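In order, the protein sequences belong to chains A and B. Quick note on the working numbering: the first sequence kicks off at 1 and runs consecutively. Quick note on the working numbering: the second sequence kicks off at 1 and runs consecutively.
No lab work stands behind these hints: they were computed from the structure. Honestly, I wouldn't trust all of these hints.
Here are the computed lysine-lysine pairs in the DSSO-like style, where the Cα-Cα straight-line distance is at most 27 angstroms [to be verified]: (1) 58/B x 68/B; (2) 58/B x 42/B; (3) 13/A x 57/A; (4) 69/B x 42/B; (5) 57/A x 42/B; (6) 13/A x 42/B; (7) 58/B x 69/B; (8) 57/A x 58/B; (9) 68/B x 49/B.
Note that the structure is a prediction, hence the values are computed from the model and not measured.
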Amino acid sequence: KAGVTQTPRYLIKTRGQQVTLSCSPISGHRSVSWYQQTPGQGLQFLFEYFSETQRNKGNFPGRFSGRQFSNSRSEMNVSTLELGDSALYLCASSSRTDGTEAFFGQGTRLTVV
Amino acid sequence: AQSVTQLDSHVSVSEGTPVLLRCNYSSSYSPSLFWYVQHPNKGLQLLLKYTSAATLVKGINGFEAEFKKSETSFHLTKPSAHMSDAAEYFCVVSDRVGGFQKLVFGTGTRLLVSP
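Work out the full structure: start from the sequences and follow the hints.
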């Protein structure tokens, strides 16, 4: 069974641009969560989707958004990039309806210059 | 809100010696607790989980953790460290928000293993 797949693995963007990251969950998993990992703030929850609905959102500005498609694949978008958005963005999927016991992808390393 | 505290930012051991990574949790109800490991430039891998069944939980790669309610602890142990265990370890609690769960991560413990 394939794991969680995130694309692209690495991205370099300029301040002010926008970016879209993609996540394909493990087959059959309907819950997809996104996390931001930085050296200063650690791992922080961004949002969680289940069956195309955002169920939970972390404390991030509105520039961060996401969506989930009918095949459970998810995208997250960051608009008007800031230097502080440089981070490892991790996607996790779960077969549980409560979204726990999550399996993580390898992440997308975003660098904003 | 639930939270976890990892008591050590770095732990150094020699290969073949025991590993102890400490974690305390704060929860207003019976928590679900997890340990994840992250190797350099990799994603997070689930090591083990506690979900109110047996208090001693066995995970992958010889790791285990014991849930102690009286001490609000969930320490991770391994009898004998291997070089490949060098990584960052995260203690995680599942927090219930509006009926749904999200994972709350500790700040991580970096395990260094010397030959």
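Status of the hints after comparison with the structure:
1. The hinted pair formed by residue 58/B and residue 68/B meets the criterion: a straight-line CA distance of about 15 angstroms does not exceed 27 angstroms.
2. With a CA separation close to 23 angstroms, the supplied pair residue 58/B and residue 42/B stays within the 27 angstroms bound.
3. At most 27 angstroms may separate the alpha-carbon atoms for a hinted pair to count; residue 13/A and residue 57/A meet this at roughly 25 angstroms.
4. Restraint check for residue 69/B and residue 42/B: the C-alpha separation of about 32 angstroms exceeds 27 angstroms, so the hint is violated.
5. A hinted pair counts as satisfied when its Cα atoms are at most 27 angstroms apart, and residue 57/A with residue 42/B qualifies at roughly 24 angstroms.
6. Taking the CA atoms of residue 13/A and residue 42/B, the gap is about 21 angstroms. The hint holds against a cut of 27 angstroms.
7. Only pairs whose Cα atoms come within 27 angstroms are accepted, and residue 58/B paired with residue 69/B is accepted, the gap being roughly 17 angstroms.
8. This hinted pair does not check out: residue 57/A and residue 58/B have alpha carbons roughly 32 angstroms apart, beyond 27 angstroms.
9. Straight-line distance between C-alpha atoms of residue 68/B and residue 49/B comes to about 14 angstroms, which keeps the hinted pair within the 27 angstroms bound.
In terms of the numbered hints stated before, the structure departs from hints 4 and 8, listed from lowest to highest.
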